[in-house]
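K.L.:
Turn these sequences into a full structure, and let the hints steer you where they fit.
2 protein chains.
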Amino acid sequence: MSVIAKHINPKFQHLFQDRFCFTPNEYELLLSYMQFQHIHKKDFYLRPGEICRTKAYLNKGCTRNFVVDERGHERILFFAFEDWWLGDFDSYYTQKPGTNYVQAIEDCELLVISKENFAMLEERIPKLKQWYTYKVTRSASASLKRMEEIRTLTPKERYLNLIEQHPHIFQRIPLQYIASFLNIEPQSLSRMRKRLAEER
Amino acid sequence: MSVIAKHINPKFQHLFQDRFCFTPNEYELLLSYMQFQHIHKKDFYLRPGEICRTKAYLNKGCTRNFVVDERGHERILFFAFEDWWLGDFDSYYTQKPGTNYVQAIEDCELLVISKENFAMLEERIPKLKQWYTYKVTRSASASLKRMEEIRTLTPKERYLNLIEQHPHIFQRIPLQYIASFLNIEPQSLSRMRKRLAEER
DNA sequence: CGTCTATTTGAATGTACTCAAAAGCGGTGG
DNA sequence: CCACCGCTTTTGAGTACATTCAAATAGACG
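Chains A and B are the protein sequences, given in the same order. Count along the first sequence starting at 1, add 4, and that's the number in the working numbering. Count along the second sequence starting at 1, add 4, and that's the number in the working numbering.
To be clear, the hints were calculated from the coordinates, so they are not data collected in a lab. As the structure is a prediction and not an experimental result, all values here were calculated from the model. Among the hints, erroneous ones may be present.
Each pair may be met inside one copy or between any two copies, as identical chains are not told apart.
[As the list claims (entries may be wrong)] In silico lysine-lysine, BS3-like type, Cα no more than 30 Å apart, as pairs:
{"#": "1", "residue 1": "119", "residue 2": "133"}
{"#": "2", "residue 1": "45", "residue 2": "198"}
{"#": "3", "residue 1": "149", "residue 2": "15"}
{"#": "4", "residue 1": "64", "residue 2": "15"}
{"#": "5", "residue 1": "160", "residue 2": "131"}
{"#": "6", "residue 1": "46", "residue 2": "133"}
{"#": "7", "residue 1": "133", "residue 2": "198"}
{"#": "8", "residue 1": "149", "residue 2": "131"}
{"#": "9", "residue 1": "133", "residue 2": "160"}
{"#": "10", "residue 1": "149", "residue 2": "119"}
P.N.:
Structure follows, in structure tokens:
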């Protein structure tokens, strides 16, 4: 077993060996191409203008992908928690300079792999490719769904949806970030939360 | 030359022969797998629940993709004009029942091809695959951009952007549809247009 | 010409925003 | 360990803007 493996969140091994039925060899192979990396709270994994040449499995911690609009306003596209992958996916596919900041909200542990190595491993481990294709279609559907939510739901409904699906999100993500994700002002979210708490 | 070809918008031939450098043989091959089809204004090419098994080159006319939200409100995702492809792309890739209506805004001429045949032709005509990959990344970027517009711009700015990029859109698309696309009420768009016209 | 739909106009309303300031909280250094 | 500083969250007041409901006008199509 590689030295790295000792530090790994058990979820990672579970994920590949149990859920995706990787053989120990396949798992070792995948792991051997991944680099362990720490980033501290508020550090950036990626900034606009950089080309996204790697992706990183988020082993521990949480991050946010955001852009800055022409008014200088931060707009959070999504959060990532354990068992997600980090990157600016538009830039990753096109290999053009990206637009996203990817920033740690908590101290994070990453397992980083280059695009080339990942592509190579996809060929050597068909299960990896299957899983990845699955992830891509999932994330495409998720972004369609998010688009629909932003367009059709009121801020209050978006908030209620979010806490229904992620009841503990306020324990990990500061209010201002949640507000940005929901596309409302922090003051409004604070008020809304208060009103809803009083109602019951 | 096939019988169909006579009816074809010259753009189509130009597109493949000149812009993508298809040989006459490749062009004929592609064409031989496409079915010519008319649909009338307000007819549907696709409805929610149907699996999208074909795509259609829009040779003439224009269409809208829309969904109906839980309040019964129509939400237009995008319009398609000449030289675009029609379908519910989520359903096309997943081969699960779709969510989109695809409806003709004007009488339309389509060139329809099945997913299987298109995939087969992609293998036989590498240029077709190149072009298609290009289209997919383009449309992914476009939907990211649209998401950003909906989130960051005011209704007025969204309107101004639209008429800047498509100055003649009102000549072809009814106001209510444009309003739905911009995510505002028809009344508001009507007022906005009036105000802006008066200002100059 | 008449009916049906689309667009325009009017008035009132609500909701999230802005600006501004106070309170709460966390982290740092003395 | 406490005091201070900076940042986050809360609270307040006023405003702007799109929405809703309602009705009138205009336009399309048989």
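K.L.:
Indicate, hint by hint, whether the structure satisfies it.
P.N.:
Here is how each hint holds up against the structure:
no., hint, result
1, 119 with 133, "both (13 Å within a copy, 21 Å between copies)"
2, 45 with 198, "within (28 Å within a copy, 50 Å between copies)"
3, 149 with 15, "within (27 Å within a copy, 35 Å between copies)"
4, 64 with 15, "within (10 Å within a copy, 53 Å between copies)"
5, 160 with 131, "neither (41 Å within a copy, 48 Å between copies)"
6, 46 with 133, "neither (32 Å within a copy, 41 Å between copies)"
7, 133 with 198, "neither (46 Å within a copy, 54 Å between copies)"
8, 149 with 131, "within (27 Å within a copy, 33 Å between copies)"
9, 133 with 160, "neither (39 Å within a copy, 44 Å between copies)"
10, 149 with 119, "both (27 Å within a copy, 24 Å between copies)"
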